[in-house]
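Each chain, written out:
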Amino acid sequence: MRHLIVFEWTFYIRKISFYVLLLGFLAFGLLVGTSARIGFPNITYNSPYAINYFFGLFSLASLFPIVLMASQSLMREQDHRFEQILYTTSITNRDYFASRFSVVFGISILSFLLFMVGYMMGHLMKMDGSEQWGVFQIHYYFHSFLVIVLPNILLCTVLICCVAWFSKNKMLIYLSGLGIYILYMVFTIFSKNPLMSGSEPISETAMALSAKIDPFGMAAFFHQTNHWTAEQRNTEVLHLSGNVLFNRMMVVGLAFGLLILAYRFFRFNIKSRYKSQKNKPVLQESTRAFSPASTQTSGSFYFLSTIRSFLKIDLKSTIKSIPFVLLVVMTLFILAMEIYGAIEGGVRLPQYFATTALMTNTILATMPFILILAMLFYSSELVWKSKTFNFSFLEESTPFSNAALLISKALTLLVIILILIGFCIGMGVIFQVIYQHPIFEWKVYLSLFYFVGIPAFICSLLMTSLQFLFPNKYFAMAVSGIFLLFTNTSLGKSFGFSHPLTRFANFMPDAYSDLNGFGYLPNAFALKMAYAFSFVMLLSILTILMMNKALIKMQWRTGLALALPMILLGSAGFYLSKNYTKNSEEAELDWAQNYEATYGHFKSISQPTITDVKTTIDLYPERNAYHITGKYILVNKTPEVISEILINSALDVSMLILNSSDLILKNKDEKFGQYLFKTKKEMLPNDSLEINFEFEYQITPINGHQSFNAIVDNGAFMRISNYFPTIGYQLDHEISDEIERKKRAMAALPELDSVDAPIENPYNYQFINLNVLVSTSADQSAISVGELTDHYSKNDRNYFHFRAENIPFRFAISSAKYAVQKSNYGDVSIEIFHDPKHHQNIGHLIKSIQKTLAYCENNFGKYPYKTIRFAEISSFTRGFAATAYPATIYINEKQFHLNLTGGEGQDVINELAGHELSHQWWGNAQLRPVFRQGSGVLTETLAQYTQLMLYKNEYGEAKMLEMVEVYRDMYESSKAFSGEEALYSADPNNANVIYNKGLVKMYALYLLIGEAKINVALRSLLEGHRFPLGPATTRDLLEELRKVSRVEQYGEVERIFKL
Amino acid sequence: MNKLVIENLSKTYGNGVRSMSDISLEIGNGMFGLLGPNGAGKSTLMKTIVGLQKPDAGSIVFNGVNIVEESGFLKKQLGYLPQDFGVYPSLSAVDLLDHLAILKGISDKKVRREQILALLEKTNLIDHQHQAVITYSGGMRQRFGVAQALLGSPNMIIVDEPTAGLDPEERNRFNNLLSEIGENIIVILSTHLVEDVRNLCTRMAIINKGEVLLCDRPEEAIQKIQGKIWKKQIDKTRLSHYQSAYEIISTQLQSGQMSVKIYSDENPHDGFEATEADLEAVYFSTLIHGQLSKFSQK
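So the protein sequences, as listed, match chains W and F. Each step along the first sequence adds one to the number in this note's numbering, with nothing skipped, and position 600 is 600. Each step along the second sequence adds one to the number in this note's numbering, with nothing skipped, and position 212 is 212.
Just so you know, not all the hints are guaranteed correct.
Calculated pairs, DSS-like style, for lysine-lysine (alpha carbon to alpha carbon, straight line, at most 25 angstroms) [said to hold, decoys possible]:
no. : chain 1 : residue 1 : chain 2 : residue 2
1   : W       : Lys549    : F       : Lys54
2   : W       : Lys493    : W       : Lys862
3   : F       : Lys236    : W       : Lys387
4   : F       : Lys54     : W       : Lys473
5   : W       : Lys603    : W       : Lys794
6   : F       : Lys110    : W       : Lys312
7   : W       : Lys678    : W       : Lys614
8   : W       : Lys312    : F       : Lys109
9   : W       : Lys15     : W       : Lys473
10  : F       : Lys76     : W       : Lys549
11  : W       : Lys637    : W       : Lys681
12  : W       : Lys320    : W       : Lys168
13  : W       : Lys678    : W       : Lys666
14  : W       : Lys862    : W       : Lys1043
15  : W       : Lys320    : W       : Lys473
16  : W       : Lys126    : W       : Lys493
17  : W       : Lys316    : W       : Lys212
18  : F       : Lys76     : W       : Lys387
19  : W       : Lys443    : W       : Lys473
20  : W       : Lys837    : W       : Lys822
21  : W       : Lys678    : W       : Lys637
22  : F       : Lys76     : W       : Lys312
23  : W       : Lys817    : W       : Lys742
24  : W       : Lys637    : W       : Lys603
25  : W       : Lys582    : W       : Lys668
26  : W       : Lys316    : F       : Lys110
27  : W       : Lys316    : F       : Lys109
Please keep in mind that the hints were generated in silico from the structure rather than gathered at the bench.
Let's have the full structure, built from the sequences with the hints guiding it.
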């Protein structure tokens, strides 16, 4: 047997591709180890946690060499017809079995070890003394390798080798590799992967089960470390106990079990190709006369008919084959799992409606990767089919053109793609039926053929051309794979390939919105596809010329054929590069650093405050544009004299006019959007002056849009005050990441103000009076903040006049084809603006609003406005479920997709209404704390408390406890990443603490002193510190709580907030 | 009248093996036999003519066109049966023949169908027309290969070891089929079976180790060695003595008794009697003389 292993080994060491593979893994490890973007907040790069995570993830990469080697090593006899000789020697099952398996396994392990070496080298190279790196401990890496990687590779090797031994079919081997990956994806859905954004909490039972049976050990890893602190994640290796131990033993046991079974059943058989002959018929005299048939071997008819014949032959044999059926089954399986996951949400959420939008987005998220992998395999098999089956001697003695051959292979792949997409659409329809939401939007489903089919086709044309270009099919597969990895995946983006010129045929993202459809995205999509298509056309034409050996002497016709795609490529590329204005992350940071260096001195120069804003906002949703004019009244609320005013304009918009009759423009700095004015007359304390401005904005499809400036076709939402001119030095332009600042040798930011830092008295809230006239298209309504004083139509547009007094300089606009439902609570008018299709939850929302208003008015104080509006916005705005402004709450359409009738999960609408509406008390224009330690508690934590009480009053103590547990788990899972802090002095940006820990702590407070007493304290806090009285701090909150507690409870109250 | 002119064709493989060494032949309508042992270079020559391989030097001109440069010209009027070929799985004879027929340019569907069915009948595959070709036995597959080589209206048909794997009955049918169509087109038949050349070919060439050793009409080649072939029954154990003394062109065992045939310009006496020269004698003597002349060149 030793000889057999050595013999196998010699096969490999003679091939260059073997060394390339090993080198590739080393380089890949190096790349990952040196990449700064791949990491976790608050966790060191070389912590056991990070190492485990990435080793687990990249142990999947071993699938690639395993599949390759299995299809070569284990199929070698069959491929080269050596079976009959080898199998009739005295070689034993055991020797054959063991030798082949050990070589495949050994090389896979070797590849990963090289990856690990590269990764370690990368770490050693990049380590500096900063907090992002811990001490280098080699045993972290080896521990992870032994516990996570080794069993994974063992199992994958066993599975794929079994497929190879028993099916003896290359395509099935490839598909088994894909199948294993799909299995991994399925378990990802049911485990809590912290790097997957938007993953909702999963039930404990689901997590525990996944932890036991996830063959890759990742679910077990996440489960064990779920509540670990940052310290633990940074220093502790996985404990071999509990689910981790069970899982790893199970995997190893399963692998060995399968191996033994395979060994038992393995036979030296040769696939018999011959069917038994029926009775040989008696020779008959021919009845047909044979005569030559005339042929036509040039011209377009011949060209097209050869394409058609290749297409027919290829499709017939592909679609009838087992591998194809298996591919369809696997695709449908993973899609079904993803759709199920998307509908069920998480343990916190009720089901989502099974809308076409949901199905479409799931297909857009899931299909591309599977399609690319499938096409990678099929393209190589199709192009090499003739040679593989030795049919090329017959085919190639006919005069078909290479162009026809290439086109036919690409078209075959296109048909396969379309069939797969068709099946996926079918799956979507089935789910819609099963979940009883049979409202089918066929146009949207059909658009999938375009948005998924076109990029898939372009990619397969690329792969096909490369297969024809290179004489080695595995090399061509590798080149295609690596090219697409960098240009078509988000991994590639994190390695720096983010400019549109470096993106190749990217699929439409899963951004379909019920309100806005795909919005402006198809425009950008079409352009990017034209760019990629012309590139791949050029490649195919060059490939055909190479095949025809006609590259040197080109005819004018070929020159023309090349010129056309070149022109298209050139113009598309030119347009993309000219109009793409997004800066690299590095450039953005440089800008911020320079801004601080240039304008930092203005921090100490007194500036006037905006007191009144009068503005006209003209929205043009169908053009994705808006135009704004306005004027400010500025008042000098400082005791100093002001002679210089620095005005900041947002770089995203085009500032057209910015002037004042009281100011002279001293310097306009376009790069930073800064306008430095000198006052004509010195501005004394309490003096005022007016400035005028005019600016506009339009979304350019290539650049995409910012969530908060989403002037989309329907359901537009803009935090428009973010784009208005502002006065003085802008703190939020600074680089806030301390690590980045250190890297750039910048001074550290001043510490966050402590709870007891002095507050000036009287405190300048910088509130404004707002007077805004919004106009929008004739079929839409626009919603802003405050009271609606007037609305009318003019010149085929709708106008809405809003006014608000004494609100923060923070206002927003939405615009959509709204339907509206109205109700009231006492003399407060309740208005819900929603998409006509999203009517299901409105009634419930209104009830929740009424109950919230009742609770808050009874316990805290009067609702300060005459109206409360909820306005739905499109999912083109991401980042929040809902956001509260004076009198208006904007709510993301996704909340309207929830099916609350099922009774599952929590009543998210109730939560939302409670939380957001209570912000009209805790935050906005009433209780508005100064930004400092603990200030987030007074807004978000108190809103969480209100939400909690409302929930309890609606659903009872038991359900409330469920909610508390969910939030507790959310806090514990993320505390390592967010940092643990006491509520009292928490950084207001630490969302995990002020939302999640906050709710848990308020529950503890509720248990301690009871709801009634807390509400008394809160009412008192509000009455003592609402605008225009001095703002509150957490010290004030504690004082109020002490006033309603017994002396012996003081200590506990302290501990709740200070631990 | 079709004409194929091969001039000074040479090819050397990377490892130094010369598969074609200065081959020159002129071939017109009719059956032309290419005779030679395995490894002689017959398949290489055929693949080069067909355009599947490129020669290092020399030219091939078919009806006035240099088909080394323009292989497409020949492919438009070619039928080719390679020595060894495979087929796609799961596809029937009708499927594959239809595909190849389209590739050969038979555009009319009816005409195509007619010809395919006629060919399937002629090759006795008509009852298996819908069965997957990959499940055919060796002989059936060979017949399939013959059928596809006859698709269209080729002006040149090249068949490489066509009767290998066929039983005598099938071989007969094949030979009849070939001679039927072989009159007004060029048919090049490569084989190591002398009797096939004798039965079918109007002209022939003998090739060994990449060189053309003889190119002539079979009757004339036989005539040239008439009277130079001698036969004797000998003791098996004395074979080596005869091998060193004479040019042995063949040995034969009959019921345990060995008889040898030698080539000799004059009567060798020594118990030999003159025997009728046949094509086999031409073949073996040419091969040996080719070898000898090689030795003498050294």
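Consistency of the hints with the structure:
Distance check on the hinted pair: Lys549 (chain W) and Lys54 (chain F) sit about 13 angstroms apart at the alpha-carbon level, within 25 angstroms; holds. This hinted pair does not check out: Lys493 (chain W) and Lys862 (chain W) have alpha carbons roughly 51 angstroms apart, beyond 25 angstroms. This hinted pair does not check out: Lys236 (chain F) and Lys387 (chain W) have alpha carbons roughly 49 angstroms apart, beyond 25 angstroms. For the proposed pair Lys54 (chain F) and Lys473 (chain W), the alpha carbon gap of about 23 angstroms is at most 25 angstroms, so the pair holds.
For the hint linking Lys603 (chain W) to Lys794 (chain W), the alpha-carbon distance of about 45 angstroms lies beyond 25 angstroms, and the restraint is violated. Restraint check: the Cα-Cα separation between Lys110 (chain F) and Lys312 (chain W) comes to about 18 angstroms, which is no more than 25 angstroms; the hinted pair holds. At most 25 angstroms may separate the alpha-carbon atoms for a hinted pair to count; Lys678 (chain W) and Lys614 (chain W) meet this at roughly 23 angstroms. Simply put, Lys312 (chain W) and Lys109 (chain F) have alpha-carbon atoms about 15 angstroms apart, close enough for the 25 angstroms limit, and the pair holds.
Of the pairs offered as hints, the one joining Lys15 (chain W) and Lys473 (chain W) holds, with about 14 angstroms between alpha carbons and a cut-off of 25 angstroms not exceeded. Note on Lys76 (chain F) and Lys549 (chain W): the hinted pairing holds, with a Cα-Cα distance of about 19 angstroms set against a maximum of 25 angstroms. A C-alpha spacing of about 16 angstroms is found between Lys637 (chain W) and Lys681 (chain W), which places the hinted pair at or below 25 angstroms, so the restraint holds. Simply put, Lys320 (chain W) and Lys168 (chain W) have alpha-carbon atoms about 17 angstroms apart, close enough for the 25 angstroms limit, and the pair holds.
Between Lys678 (chain W) and Lys666 (chain W), the direct Cα distance comes to roughly 6 angstroms. Compliance with the 25 angstroms bound is thereby established for this hinted pair. For the proposed pair Lys862 (chain W) and Lys1043 (chain W), the alpha carbon gap of about 23 angstroms is at most 25 angstroms, so the pair holds. Of the supplied pair hints, the one linking Lys320 (chain W) and Lys473 (chain W) holds, its CA atoms being roughly 24 angstroms apart against a limit of 25 angstroms. A threshold of 25 angstroms between alpha carbons decides the hint, and for Lys126 (chain W) with Lys493 (chain W) the separation of about 20 angstroms falls inside it, so the pair holds.
The hinted pair formed by Lys316 (chain W) and Lys212 (chain W) fails the criterion: a straight-line CA distance of about 43 angstroms is larger than 25 angstroms. Proximity of Lys76 (chain F) to Lys387 (chain W) is assessed by CA-CA distance (about 21 angstroms); at most 25 angstroms being required, the pair is judged to hold. Under the criterion of a C-alpha separation no larger than 25 angstroms, the hint pairing Lys443 (chain W) with Lys473 (chain W) is inconsistent with the structure, at around 39 angstroms. In summary, the hint linking Lys837 (chain W) to Lys822 (chain W) is supported, as the alpha carbons are separated by about 17 angstroms, within the 25 angstroms threshold.
Only pairs whose Cα atoms come within 25 angstroms are accepted, and Lys678 (chain W) paired with Lys637 (chain W) is accepted, the gap being roughly 18 angstroms. Using a Cα cut-off of 25 angstroms, the hinted pair Lys76 (chain F) and Lys312 (chain W) holds, with the two alpha carbons roughly 22 angstroms apart. Between Lys817 (chain W) and Lys742 (chain W), the direct Cα distance comes to roughly 49 angstroms. Violation of the 25 angstroms bound is thereby established for this hinted pair. Simply put, Lys637 (chain W) and Lys603 (chain W) have alpha-carbon atoms about 16 angstroms apart, close enough for the 25 angstroms limit, and the pair holds.
As the CA atoms of Lys582 (chain W) and Lys668 (chain W) are separated by approximately 22 angstroms, the hinted pair is consistent with the 25 angstroms bound. At most 25 angstroms may separate the alpha-carbon atoms for a hinted pair to count; Lys316 (chain W) and Lys110 (chain F) meet this at roughly 22 angstroms. The straight-line distance between the Cα atoms of Lys316 (chain W) and Lys109 (chain F) is roughly 19 angstroms, inside the 25 angstroms bound, and the hint therefore holds.
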